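**Q** Here is what each chain is made of, one letter per residue.
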Amino acid sequence: MDSNDTRPDIIEMIGITKAFPGVVANDNINLNVKENEVLALLGENGAGKSTLMSILFGSYDADSGIIKIRGKEVEIKDPNAATALGIGMVHQHFKLIHNYTVAENIVLGYEPKKKFGLLDIAAAEKKVAQLSDQYGLKVNPKDKIEDITVGMQQRVEILKVLYRSADIIIFDEPTAVLTPQEIDELMLIIKRLKEEGKTIIIITHKLKEIKAVGERCTVLRRGKVVGTVNVADVSEEQLAEMMVGRAVKFEIEKNPPHFGDTVLSIEHISVKNTRGQMAVKDLSLDVRAGEIMGVAGVDGNGQSELLFGITGMSPLESGKILIHGKDVSKYTIRQRIEAGIGHIPEDRQKHGLVKEFTIAENIALKNYYKAPYTRNGCVLVQDAMVKKADDLIKAFDIRAGKGPFTLAGSMSGGNQQKMIIAREVDMGGDVLVIAQPTRGLGVGAIEYIRRRILSERAKGRAILLISFELDEIMNLCDRIATISKGTIVGLSNAGEITEQEIGIMMAGEKDKIAEETAK
Amino acid sequence: MSDSNTIKKQSGFTALLMRSDGAVSVVVVLLGFVFATLLVMLVGRNPAGIYKALLQVLTGFNLNNGKWNIRYVGDFLNYSVPFVLCGFSMAFAGRAGLFNIGGEGQYIIGMTVAQLVALTFPSVSVLHVVTAVLFATLAGAVWGGVVGYLKARFEVSEVVATIMLNYIALYLSRIITIAIPGTNTYKTVNFPETASLRIGFLSNLTNGSALNAGFFLMLVCVLIYWFALEKTNMGFGLRATGFNKEAARAAGIPVISSIVIAMAASGAYAGLGGGIVALGSFRYGRVISGMDNYGFTGIAVALVGNNTAVGTLFAGLLFGLLQAAQPIMQANNIPKEITFIIQGLVVVFISLKTGLRLFLQWNEKRRNNKIAEKASEGGR
Amino acid sequence: MNIILGMLPSVLMIVSPIMITAAGGMVSERSGVTNIALEGLMAIGAFSAAAAHVLMESSVPGSVWIALLIGAVVSMLFSVIHAYAAISLNADQTISGTGINLLANGITIFFSQILFSADRTRPYKIGMMPGLFGIYPTAIVAVSVMLIIWFMMYKLPFGLRLRACGEHPDAAASVGINVRGIRYFAVLLSGFLAGLAGGCLVLTETIQFTSNTINGTGFISLAAVSFGRWNPLGVSGASLLFGTAVAFAIYVVNIPALSNMLPAEFFNLLPYIITLLALVVFSGKNYAPAEDGKPYINGAS
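The listed protein sequences derive, respectively, from chains L, B and S.
For the first sequence, this note's numbering assigns the number 105 to the initial residue and increments by one for each residue that follows.
For the second sequence, this note's numbering assigns the number 34 to the initial residue and increments by one for each residue that follows.
For the third sequence, this note's numbering assigns the number 2 to the initial residue and increments by one for each residue that follows.
Be aware that a few hints might be false.
[Claimed, not checked] Covered by chain S, according to a simulated footprint, are these stretches of chain L (three or more residues, beta-carbon under 8 Å): (1) 207-216; (2) 220-228.
[Unchecked claim] In silico BS3-like links for lysine-lysine, alpha-carbon gap of 25 Å or less: (3) Lys506/L to Lys264/B; (4) Lys328/L to Lys310/L; (5) Lys589/L to Lys424/L; (6) Lys459/L to Lys278/B; (7) Lys454/L to Lys278/B; (8) Lys376/L to Lys454/L; (9) Lys376/L to Lys278/B; (10) Lys218/L to Lys295/S.
[Unchecked claim] Here's a subset of chain L near chain B, in silico, CB distances under 10 Å, partners left out: (11) His455; (12) Glu460; (13) Asn471; (14) Arg543.
Keep in mind the hints are simulated off the structure, nothing from the lab.
Quick caveat, the model's predicted, so the values are computed rather than measured.
Just so you know, even glycine gets a beta-carbon here, dropped at the ideal spot from N, CA and C.
Use the sequences and the hints to build the structure in full.
**A** In structure tokens, the structure reads:
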């Protein structure tokens with residue numbers, strides 16, 4: 105450790121243990137944070153970082169261990185207590201109320217009052233404007249949350265914390281939903297906050313960002329602390345190895361491309377979202393057999409609605425979708441499945457599986473009504489489902505306690521995803537649309553799933569891959585389309601475009617590319 | 034002491050409650066009876082009256098005078114029929130993820146149509162009663178299917194829609210029945226013999242009770258319920274929809290028609306119940322002024338029976354027992370409404386099932402943590 | 002014109018209980034708890050008020066108002082069951098609400114049997130007296146209740162927090178708001194108001210409590226909350242609409258042209274059909290508080 109660093113510890117977490125049914129999230133963790141430093145908390149999905157910080161913020165109670173703030177032992181039983189101690193948290197999933205204004209969200213719980221206890225919205229808006237200027241976080245107090253961008257929403261979350269005079273600010277996976285440019289802006293904001301005297305803790309699994317702003321980094325793995333390092337002294341590869349426990353291969357070997365004809369043709373489609381607004385506008389895209397077409401973009405630019413339009417879950421307001429030249433735009437969801445469209449959904453719990461069903465029933469979810477699962481047109485043949493599930497469990501190495509009779513809800517996220525992929529692979533079909541396939545999974549599962557996607561590519565399937573992780577897109581895809589505000593703003597071959605250029609397109613500033621490339 | 038130093042597995046009873054919905058149902062029913070007994074004692078009546086009445090109705094044996102009369106058993110079984118059928122009505126919808134409290138209205142419509150057919154269709158033996166029952170079932174199906182359509186297509190809450198349809202059914206029934214020639218303010222003329230479900234041999238077997246062919250129809254329906262849901266592909270789709278509508282939809286399962294079918298089937302069961310009561314328990318049509326309440330009780334039946342075939346059957350029999358015992362309870366100085374109170378308590382307790390399990394889980398964890406702490410302290 | 006003026010007192014008499022119940026239901030749902038038990042709670046309030054009044058009327062002056070208060074309080078105590086089940090134990094709110102309705106059904110007649118040896122309360126000599134122009138004071142109560150609720154929900158910090166609990170309880174909890182506490186308050190308030198409304202109903206519209214007294218009014222109030230888009234102005238309007246339909250059914254005997262043409266039951270049907278049509282045509286699912294009806298599990302985010 106750096107013996108020249110004389111800053112006192114502002115936070116000490118000693119011997120923290122927290123268990124949930126079936127898993128020990130934090131196992132006797134010791135953590136210290138120095139005053140006015142930027143500490144990164146690194147670990148894979150499920151390593152225990154969020155749990156640890158939730159304990160610090162009072163959302164959870166630790167099973168054992170003590171916490172000291174500024175040298176004094178404290179008990180943090182709820183977020184109010186944490187706030188009183190000067191601790192604030194900027195959550196990964198924003199805790200903002202969509203139909204309230206920016207000002208209302210920021211002052212909620214600490215509302216300024218007029219005579220007789222009336223709510224003083226004018227005072228709230230004034231205070232928000234003042235904080236916004238002081239810290240350089242541009243927002244309009246009167247805007248409704250549902251009308252502003254994700255980057256601005258994050259600034260509202262930060263202002264919430266500053267309004268309550270926090271000295272210690274915890275950022276939970278802050279860059280998951282930002283464009284590359286917004287990420288740069290956030291790094292500047294964090295530096296500015298440090299200049300104003302704040303102590304910052306960043307929870308993340310993004311090595312690049314740790315190198316950008318982190319001073320020290322504590323690495324967690326499977327609930328235990330692996331070590332704490334000075335960021336300047338280590339490389340990304342070393343951090344990754346600490347995080348996972350073994351050397352991590354960043355690149356995956358891809359077969360040489362072997363493209364066939366265009367299989368999936370999306371022509372000028374428009375799709376509405378659940379609030380009735382046009383989320384996809386005049387979007388066109390082609391995918392050839394044996395190719396992976398990536399769609400890069402920030403969450404909320406129409407990706408979900410694009411998928412719903414292709415799979416049939418939302419109707420097309422205009423335009424056509426063609427498979428091998430056949431117009432499937434008016435097909436029902438089942439008809440599209442029969443036409444060969446496979447789907448690995450973004451939200452596996454909501455759209456991918458029925459957690460109260462067994463693996464056997466989930467595997468048959470899309471074709472239970474056909475032979476061999478149905479006899480005489482109406483009677484179920486459960487043995488056939490069980491046998492198929494058995495085969496797939498072995499082929500895909502799905503960890504399932506009771507084999508085909510395991511309830512889907514009892515499996516881990518990684519195994520659930522494997523089950524869904526097994527089903528889609530087994531059903532065959534010429535098209536596969538995939539969204540966020542590796543979200544929330546550990547490194548082992550991520551590697552396995554990416555390899556499976558590549559093997560489907562080798563079989564000649566036309567694959568559309570939508571992901572918010574730019575490195576996933578850059579690594580796996582043959583061509584990359586960028587989506588912004590519901591339409592495709594850029595299309596190029598992989599290897600001919602940089603992350604920066606994609607980032608600019610994501611933010612919707614097409615003209616900037618011309619500027620940049622002209623320089 | 035050895036047990037405080039080891040992390041014990043959950044005590045047998047708690048483990049049973051966590052695992053088995055059936056065990057929870059039994060406990061809940063018992064709790065309902067306990068509360069009712071306490072309530073009765075609280076208002077100064079003798080609770081033994083409840084249990085004597087129940088025994089009499091279950092076995093025919095009257096503890097007060099030591100005499101047997103099998104007519105009570107026959108009536109008890111007959112009373113169970115609409116409870117079981119309305120229970121299945123609720124259960125079928127429940128398996129598809131829907132809350133059908135319109136059983137009352139579907140029952141009324143079935144009853145009304147059965148009466149109408151009995152009094153206006155030609156008197157052909159066997160065919161007459163079969164048609165009446167069939168039409169009653171279909172009418173119930175339509176009344177239920179409408180709700181399903183409104184829900185599936187317009188996202189109208191089935192909870193409020195079914196309540197409205199219950200009242201609409203009530204008044205519609207009056208309008209229709211009064212319009213039949215020969216009807217006075219509360220009853221119609223007697224049904225022709227060909228429209229009745231009474232069978233000589235059953236009535237004789239049970240010493241003149243109202244037990245009729247409807248009982249066998251009910252048993253057949255239980256089998257149909259089980260088969261349809263567990264063994265057919267339509268049932269598979271319905272169950273998937275019930276557990277996770279969005280995932281079912283994404284998998285291509287036709288959710289809108291599933292919901293309509295489930296509500297129609299649900300309505301059919303209740304409608305059949307109404308038809309059987311009309312043609313089996315009564316010899317004339319009724320101009321109803323209030324609701325029979327089988328539909329609402331069906332809710333409790335399905336909840337206690339946990340929407341399964343066997344469970345709902347037994348729950349229906351239990352409630353039939355309670356209903357049949359009412360007049361005897363009244364004679365034993367216990368207000369008959371005690372049965373409604375038991376039903377209400379049972380429903381409230383069942384709704385706590387999730388909470389109860391969470392509580393037991395938390396309690397178990399707390400105990401295990403304390404034991405673990407002690408163990409680790411001992412080790413240092 | 003005369004018909005409308007003639008109908009006004011009856012309309013206001015019938016609209017008032019609907020509006021009071023709907024106001025409570027709206028607050029409960031805005032805080033995130035559906036309250037299907039409004040029907041049963043109204044019945045309990047009506048029964049308690051009727052029983053209290055008939056027992057007190059000869060000896061206690063102002064027994065009508067005391068009876069109303071008793072009805073409201075008893076109903077509020079009952080709503081604790083639903084609150085505890087739904088909020089502390091995360092029960093299925095539809096089931097626990099239905100349970101209360103069934104329970105209310107039984108308990109009211111049970112105690113009628115115990116107290117009056119009959120399936121109904123003993124009729125009282127005089128219920129509530131109408132005031133100016135034949136309009137009952139319950140109309141004033143209804144309007145006051147709605148105004149107070151509007152003020153609380155939109156002008157006080159408490160209202161901002163309550164609405165937050167229904168839209169995004171996680172967000173509210175993360176800023177230290179006691180979501181459970183606020184929801185308890187809302188459910189108990191809805192119980193109090195439903196009981197009050199039940200008392201108003203029985204004391205103005207009839208002479209005793211029977212199992213047919215409430216007859217779906219609680220559910221009509223629930224529909225008014227949904228149709229009125231969960232805000233005070235809309236809910237008031239919806240209550241007015243549905244109440245008018247119910248009043249019309251009773252008043253139509255004074256319009257021989259209509260009452261001779263169609264059977265009485267047709268007019269009984271009207272309010273329910275109108276409610277149903279209103280629900281279908283104006284299904285306002287998108288306006289519901291986002292987390293209405295979903296149990297809030299602490300720390301699950």
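**Q** Please go over all the hints and tell whether each is borne out by the structure.
**A** These are the hints, each one checked on the structure:
1. Only residues whose beta carbon comes within less than 8 Å of a beta carbon in chain S count, and the region 207-216 of chain L has 6; three or more means the coverage holds.
2. Closer than 8 Å: that is the beta-carbon criterion, and the region 220-228 of chain L has 3 residues meeting it against chain S, so the requirement of 3 holds.
3. A C-alpha spacing of about 22 Å is found between Lys506/L and Lys264/B, which places the hinted pair at or below 25 Å, so the restraint holds.
4. Proposed proximity of Lys328/L and Lys310/L is supported: the alpha carbons are some 19 Å apart, at most 25 Å.
5. Simply put, Lys589/L and Lys424/L have alpha-carbon atoms about 20 Å apart, close enough for the 25 Å limit, and the pair holds.
6. With a C-alpha separation of about 12 Å, the suggested pair Lys459/L and Lys278/B falls inside the 25 Å cut-off, and the hint holds.
7. In summary, the hint linking Lys454/L to Lys278/B is supported, as the alpha carbons are separated by about 9 Å, within the 25 Å threshold.
8. Between Lys376/L and Lys454/L the alpha-carbon distance is near 20 Å, which keeps this suggested pair within the 25 Å criterion.
9. Distance restraint check for Lys376/L and Lys278/B: the Cα-Cα separation of roughly 20 Å lies within the 25 Å cut-off, and the hinted pair is therefore satisfied.
10. In summary, the hint linking Lys218/L to Lys295/S is not supported, as the alpha carbons are separated by about 34 Å, beyond the 25 Å threshold.
11. A cut of 10 Å between beta carbons decides the hint on His455/L: the least distance to chain B is about 4 Å, and the hint holds.
12. Taking 10 Å as the C-beta contact cut-off toward chain B, the hint placing Glu460/L at the interface holds, the least distance being around 4 Å.
13. Here the hint on Asn471/L is kept, as its CB sits about 8 Å from the closest CB of chain B, short of 10 Å.
14. Of the supplied interface hints, the one on Arg543/L is violated, with its beta-carbon coming no nearer than about 17 Å to a beta-carbon of chain B, more than 10 Å.
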